[in-house]
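J.: So the chains spell out like this:
Number of protein chains: 2
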Amino acid sequence: MIAERLQLFEPTLLLDKQRCLANIAAMAERAKRSNVIFRPHFKTHQSHEVGRWIRNTGVNKITVSSVKMAEYFANDGWNDITVAFPVNVHEKKRINALAEKITLNLLVVSPEPIAWLAREVKHSVSLFIEIDTGQHRTGLQHTDIAGIDALLAEISRYPHLQFKGFLSHGGHSYKITGDRREIHHTGISIIGQLRKLKEHYQHHYPDLILSPGDTPTCSILESFAGADEIRPGNFVFYDYGQFHIGSCSLDQIAVALAVPVVAENPDRHEVVVHGGAVHLSKDSMLYHGKTIYGKVVQLTDQGWSTAETNMYVKYVSQEHGVIHCENPETVRTGDWLGILPVHSCLTADVMKAYTTLEGERIDMMR
Amino acid sequence: MIAERLQLFEPTLLLDKQRCLANIAAMAERAKRSNVIFRPHFKTHQSHEVGRWIRNTGVNKITVSSVKMAEYFANDGWNDITVAFPVNVHEKKRINALAEKITLNLLVVSPEPIAWLAREVKHSVSLFIEIDTGQHRTGLQHTDIAGIDALLAEISRYPHLQFKGFLSHGGHSYKITGDRREIHHTGISIIGQLRKLKEHYQHHYPDLILSPGDTPTCSILESFAGADEIRPGNFVFYDYGQFHIGSCSLDQIAVALAVPVVAENPDRHEVVVHGGAVHLSKDSMLYHGKTIYGKVVQLTDQGWSTAETNMYVKYVSQEHGVIHCENPETVRTGDWLGILPVHSCLTADVMKAYTTLEGERIDMMR
Chain S
6 MIAERLQLFE PTLLLDKQRC LANIAAMAER AKRSNVIFRP HFKTHQSHEV GRWIRNTGVN
66 KITVSSVKMA EYFANDGWND ITVAFPVNVH EKKRINALAE KITLNLLVVS PEPIAWLARE
126 VKHSVSLFIE IDTGQHRTGL QHTDIAGIDA LLAEISRYPH LQFKGFLSHG GHSYKITGDR
186 REIHHTGISI IGQLRKLKEH YQHHYPDLIL SPGDTPTCSI LESFAGADEI RPGNFVFYDY
246 GQFHIGSCSL DQIAVALAVP VVAENPDRHE VVVHGGAVHL SKDSMLYHGK TIYGKVVQLT
306 DQGWSTAETN MYVKYVSQEH GVIHCENPET VRTGDWLGIL PVHSCLTADV MKAYTTLEGE
366 RIDMMR
Chain A
6 MIAERLQLFE PTLLLDKQRC LANIAAMAER AKRSNVIFRP HFKTHQSHEV GRWIRNTGVN
66 KITVSSVKMA EYFANDGWND ITVAFPVNVH EKKRINALAE KITLNLLVVS PEPIAWLARE
126 VKHSVSLFIE IDTGQHRTGL QHTDIAGIDA LLAEISRYPH LQFKGFLSHG GHSYKITGDR
186 REIHHTGISI IGQLRKLKEH YQHHYPDLIL SPGDTPTCSI LESFAGADEI RPGNFVFYDY
246 GQFHIGSCSL DQIAVALAVP VVAENPDRHE VVVHGGAVHL SKDSMLYHGK TIYGKVVQLT
306 DQGWSTAETN MYVKYVSQEH GVIHCENPET VRTGDWLGIL PVHSCLTADV MKAYTTLEGE
366 RIDMMR
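From first to last, the protein sequence lines are chains S and A.
When you line the first sequence up against my numbering, it's residues 6 to 371, in that order.
When you line the second sequence up against my numbering, it's residues 6 to 371, in that order.
Take the hints with a grain of salt, since some may be wrong.
Heads up, the list lumps identical chains together, so a pair's fine if it works in one copy or across two of them.
Said to hold, decoys possible - Listed next, the in silico DSS-like pairs over lysine-lysine satisfying Cα-Cα at most 27 Å (straight line): (1) Lys73 <-> Lys319; (2) Lys127 <-> Lys66; (3) Lys98 <-> Lys66; (4) Lys295 <-> Lys98.
The set of hints was computed from the structure by calculation and includes no laboratory data.
Bound-form chain S, shown alone:
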């Protein structure tokens, strides 16, 4: 079994490199088929090594979620990076250092940060305007032409700021579960809203880029026609949440947390593992009406099986994971189990390293 083969002794985030490479190749192929730029989001893996696997498929533009993360990937040779998070007007030093070195694309949702960038950043910077296509987190409505015009007017005052296009994160697609038609419909709606802006603004900005890109719609739409680039991130690993949404199959999930069983409570149909909030994060999902924190799989010699186990993570405290176990007599203290995370981005973030099925350790941003 893999835990013995790799001599695991503590909670370990296993990464199936072959699945990850297949996920990358599949999404790159989808982007190519639709003739859109593939600018994957690197916030999921946060790793130089996984980034290199992606670079090997020909990708040379990426997305990140913070300037710090842009810095981390610029240090590994990436030189065209979009920070898909509204400008923080306190990061003058980092933004200047990056803008001097690479093609830096930032996100704006209001005029003040534009004036601040113009004043404080001495190098050329490109700007995306964020459009709220339904998530209602940040961004302007596509119907808010006055608001968008105000941002464009502000940008156009400064020669070292370039308007690059409209960006949207369709995070509302994460709320759809198991209804691929509805996800498809959401994806079409996101692109449709952005298209309206292109029709309105392309006369003045013929090169403007429309950039949607959440993993569910990017995994399900058969064509991205109308968009110019896509920015999915989670697809490199997927997770049990994405499986539940309908974005991936179980055997596309490329990470599993290997955990040792430390206690048995058969009366309560529970076993306890070393694998808690500091290993999985505390992200949860609804599963057959219950809140769960991960889905349990059996580890195999090569990795893990996707066969149903009747086990799931019922709750987590800091280090404990309590597993509901339909047949508790089948699990013993000292056994190893696998947990498919509800949300691989956050699990990766707390674990800060991967171990491939071949036993290679892969580091992440710290």
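The hints should help you fit chain A onto chain S, whose structure is shown.
T.: Relative to chain S, chain A alone:
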């Protein structure tokens, strides 16, 4: 304002050292008054530096939640450490290395790990038996004399294993909100259950130790009479969750996440900050019937104010924190806000460093 004074530029976990020292002194004093051993849990702060502040009050015994954490603190000179987590039978190397060097106390809940320790660990180790006093996570019931006898019989077979006593984590006290009498009652019940075991076993084990110790009951009980040691952890910082439970006052909370505002959505009564799940964790609590991920406070020149702001963290995604804001016109992009975490242990764990109000950076275990 503190963000300018300390030249903050990104989400930063502020630590009020004076409050932290006062929290430590108060709990040490409570333990002293009841004449019990004070063995604080270090899983909350995970920091050599904060550990040294505690050592300065005369503490020389500590609790941790993993063998890895025991290793980290042993490297800073701690030589009597209880790992309050059931033995993981795959950590042979780490346990041996520690048991050779320090007084190592481990936790058992079933016979197999005892036999494993006897076989695989070459140095003397002390064992606590975990008692489930109501949390129903791990441990034996105090009424399960047959089960406890079986563990004691197993321990007694091996000369280098010593039975040390009964340990319990009263995690069920975290489910009580705002009812100090009920927390008090829970604390009395926990000690009462452990006392029954002492009465039963002290003839054979005259030195056995009863070790309860969750922060709510340790903060509220006026006496720990009947117990021999306490192991609270969260009290060093407390948090908004503990305030809600009734364990602390607002001005005992010693950590706040400083975050910059990056977007305003006054129509929805929201502002968005750089401060998401990777900064706060995704722990939540119910607050006036709503799930919240943190309570917003105003930063001041010296730290933060505890005055009511009518703002709370409504939800978090990976990097975004969406703040509900009763008076959104009072908050502007570029402003800094403070967030009192729902659960400081998990916030500290994801942030991996503190900045004191004097601007000193304090590192944590990695």
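J.: So, for every hint listed, does it hold in this structure?
T.: Hint check:
In this assembly of identical chains, the alpha carbons of lysine 73 and lysine 319 lie at most 27 Å apart only when taken from different copies (25 Å versus 34 Å within one copy). Taking identical chains as interchangeable, the C-alpha atoms of lysine 127 and lysine 66 lie at most 27 Å apart only when both belong to the same chain, with a minimum of 22 Å there against 54 Å between chains. Within a single copy, lysine 98 and lysine 66 get their C-alpha atoms as close as 23 Å, which meets the 27 Å cut-off; across copies the closest is 44 Å, which misses it. Taking identical chains as interchangeable, the C-alpha atoms of lysine 295 and lysine 98 are never at most 27 Å apart, the minima being 46 Å within one chain and 39 Å between chains.
Of the numbered hints stated above, the single one contradicted by the structure is hint 4.
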